[in-house]
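K.L.:
Between the sequences and the hints, there should be enough to build the whole structure, so can you do that?
Numbering of the sequence shown is given in the numbering used here, commencing with residue -19 and proceeding in unit increments.
Just to be clear, a hint being listed does not mean it is correct.
Ranges between beta-carbon positions, derived for each pair [stated by the list, open to error]: (1) Ala271 to Glu83: 30 to 38 Å; (2) Ile350 to His424: 42 to 50 Å; (3) Ala468 to Pro254: 16 to 24 Å.
If you are wondering where the hints come from, they were derived from the structure by calculation, not from laboratory data. Since the structure is predicted, the reported quantities are computational estimates derived from the model, not experimental observations. Built from N, CA and C at the ideal position, the CB exists for glycine as well.
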Amino acid sequence: MHQLASGATTLAPGGAAPRTLSPDGPAVDLLERPVVGAAGSGDGPAPRTSGLRGRFRRALRAAGPETLALAAAAGVFSWQAGTPSPWRDEGATMVIAARPAGEILELVKHLDLVHAAYYFIVHALLVLDPTPSLGEAVPAVRTISVVAASVTALLLVRLGRRFGSAAVGLSAALALVAAPLASRYAQEARSYALVMLATTIAALLLLRAVQTPGPRNRRAWAWYAASLGLVALLNVIALLVVLAHAVYVAVLTPRAVRRRWLVATATGLGVVSPFVVATFLQRGQVDWLYAPAAADLPRFWGAQYDSLGAVAGVLAVALLLVAVPDRFARLDPRRLLPAGVAGRLGTTNTGALVLGLAWAVLPVVALWTISQAEPLYTWRYVVFTLPGTALVVGSLATTLRPAGLVVPLLVLALSGAHLQDVYRDPHLGHAEDMASVGEYVSAHAKKGDAVLWVPGGPGHMRTLQQLYPERYAGLIDVALDRTGAATATITGTEKEPEQIASALKKRKRVWLISVDGALGQQADAVDSEKVQLLLDGYRIKRVDIVHKFQVTLWEKTAPKKG
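P.N.:
Shown next, in the form of structure tokens:
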């Protein structure tokens, strides 16, 4: 029961221990006991040194779960964060963010507005810590994601405390750390880890607003509304997390709280609606996406720990041990368990389970459904739901201890352990190896050689050269017409085929660099004509596949006599 009034007793969200809502502070756990021997505990005056020691111990005990979660997350997420070669989306981040602020603004007016806030964050970092080569700055930029993911883990502990159990929060935090997919995006120079952090902040502020009594309640809801603005600025798709909030509020809060949530949500979404509309008008930049198949839904949930069975098993146990109201006692699934076992088990933390399950499932299903008409679905756009899965795991921490904390974590960690290493592979950890292509070209190219990119426009192929310009020194980009900075695009614009043909007349050797297999499926007519120009006057000297990129050296053939 919830009665958000000063001094009223209420059940904490999630079926935790009874809590008293104080008019002067947050909810206090009624089962909390004073530390024996601490000042004011009733054991007589304590020496000053003892009091200081007691305060230190209490502070350590209070902050212990947060400290452990942050240390574990920082250790795992920073481990070999700079090892995987960047892929083209990271290259695009670096190329855009390295430009002056005015040029970034010009670009996002018609392209990548959805990532504008992140580009300015990276821009500030590059200004503070300039490096001779953009490629060398990638590890530093990835640190933003490492920090964001680590703080997300810490905030999951705070969420657990809001649900009445630090163990729930710690278990959720460690579940996030154990997820190899979390490591993958915690080590990427893109905004997805920051989006995950923003949605976790929004969840924490939602619970704070639900649990805050009295005059401060209005301010708490204002902070929640503002957090939705933060989510939108980092990625508007992540606003789908509001669906999870709606389920939590509808299931576990009284009518008055639901009304306040509706007002706060409408206010937050209303303020950012012009930005949301502007980003939607740029949706053509992801026209390479396709309508997802039914199998793409479970594939994402399974990919979080590389085992759909492990994830489903943890969810099944959480649902099996959920608390059932007395009037539905006959439906209690624990009746299926042996009496001795059932008697020793606690119940799943209902609040963590409801919010976590809704957070993990609803945004993914919603985006999948939208994508049947307007394709937007790809894993990285729903990475912000990983804390939801982690909360489902954390909800088991209130069952049999320590097994409720250790067993699900161990199962999930072991199921995805090998992917922790795969995602840190220097060549294929991020699916592409831009660095090795540059090293290959640097070792084999000659000054004055030409270079052609396929595809030339979409696909950001030129970012390979822009990220590591020193490795392409001396090569002539014969197809480039105007640079990205001059055209407010990422990689610039290309010449007409006739102009490319004229530029090729002076070049005896041409390096054609493409995505492996792309030569048979050129992005547009210009790319096809570029290849035809080579077929008409050059012969293939060598072809090498360099970690998903195809590098082909063409040499000019002798003109036919007669």
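K.L.:
What hints, given by number in increasing order, does this structure fail?
P.N.:
Those not satisfied: there are none.
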